[in-house]
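Asks: Chain by chain, the residues run as shown.
There are 2 protein chains.
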Amino acid sequence: MSIPTVMVGKKPLSRYILAYLFALQQNGSVEVKARGRAIPKAIGAVQVLREGLVRGLEVESVDIGTERLQGKDGREIRVSTISIRLSLPGKKAKGSKRSASPAQGPPS
Amino acid sequence: MSIPTVMVGKKPLSRYILAYLFALQQNGSVEVKARGRAIPKAIGAVQVLREGLVRGLEVESVDIGTERLQGKDGREIRVSTISIRLSLPGKKAKGSKRSASPAQGPPS
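These protein sequences, in sequence, are chains A and B.
Residue numbers for the first sequence follow this note's numbering, so the first one is 7 and each next one is one higher.
Residue numbers for the second sequence follow this note's numbering, so the first one is 7 and each next one is one higher.
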């Protein structure tokens, strides 16, 4: 099962909150990605869900990175990226990049 | 041993790269914090170190959050935050918030 991805851009915050919610309801997990100035918005939308809308929402992993893009004048631009993996409680995605611990027993 | 913290703000990127480096050399680990628009810069400086200056630099944990600040007009503003914990290879800080696995044996 592949995890749906939401790329956060220039739309209003509420759009992304809804997109995360929709993906979580469909699949139990979602991967949120953002670049550069959209990163604070991606985090903000995650926090709105965590702080009220979705009880027990799990932040499975947060990965940071860099992407190299071509600027308008042909020069290379480096842009910071973030990738946040969310899942509903008890619906941890398989193949998660960073598992908290090896499975040594059933979840209580 | 407490971990030194670097708060990323409005200074140029290079300042923060140097600040991370200095703390890493002194303590073996550093906690990088940023709010709102400074978040992409904090990530960018980490990536510059990871991609060349510090071989094997470990990103121990990345935590996201929200802070509530008082705006100029007295209204509450919510700001996204990030906290990135870095350590030199083999110098993982004790008391790390997110340990990869419980200590069940000596590090090889």
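Calculated directly from the structure, the hints in this document are not laboratory data.
Worth double-checking, as some hints may not be accurate.
For identical chains, the list gives no copy identity; a pair is met inside one copy or between any two copies.
Subject to a maximum C-alpha distance of 20 Å in a straight line, what follows is the list of computed SDA-like cross-link-like pairs (lysine to any residue) [unchecked claim]:
(1) LYS78 with LEU30
(2) LYS47 with GLU82
(3) LYS17 with ARG84
(4) LYS47 with GLY77
(5) LYS78 with SER67
(6) LYS98 with ARG61
(7) LYS16 with ASN33
(8) LYS78 with LEU63
Keep in mind it's a predicted model, so treat the numbers as computed, not measured.
Asks: Evaluate each hint against the coordinates.
Replies: Quick rundown of the hints versus the structure:
no., hint, in the structure
1, LYS78 with LEU30, "neither (37 Å within a copy, 36 Å between copies)"
2, LYS47 with GLU82, "between (25 Å within a copy, 17 Å between copies)"
3, LYS17 with ARG84, "between (22 Å within a copy, 18 Å between copies)"
4, LYS47 with GLY77, "between (23 Å within a copy, 18 Å between copies)"
5, LYS78 with SER67, "neither (33 Å within a copy, 35 Å between copies)"
6, LYS98 with ARG61, "within (15 Å within a copy, 32 Å between copies)"
7, LYS16 with ASN33, "neither (25 Å within a copy, 39 Å between copies)"
8, LYS78 with LEU63, "neither (40 Å within a copy, 32 Å between copies)"
Consistency note: the structure conflicts with the earlier hints numbered 1, 5, 7 and 8.
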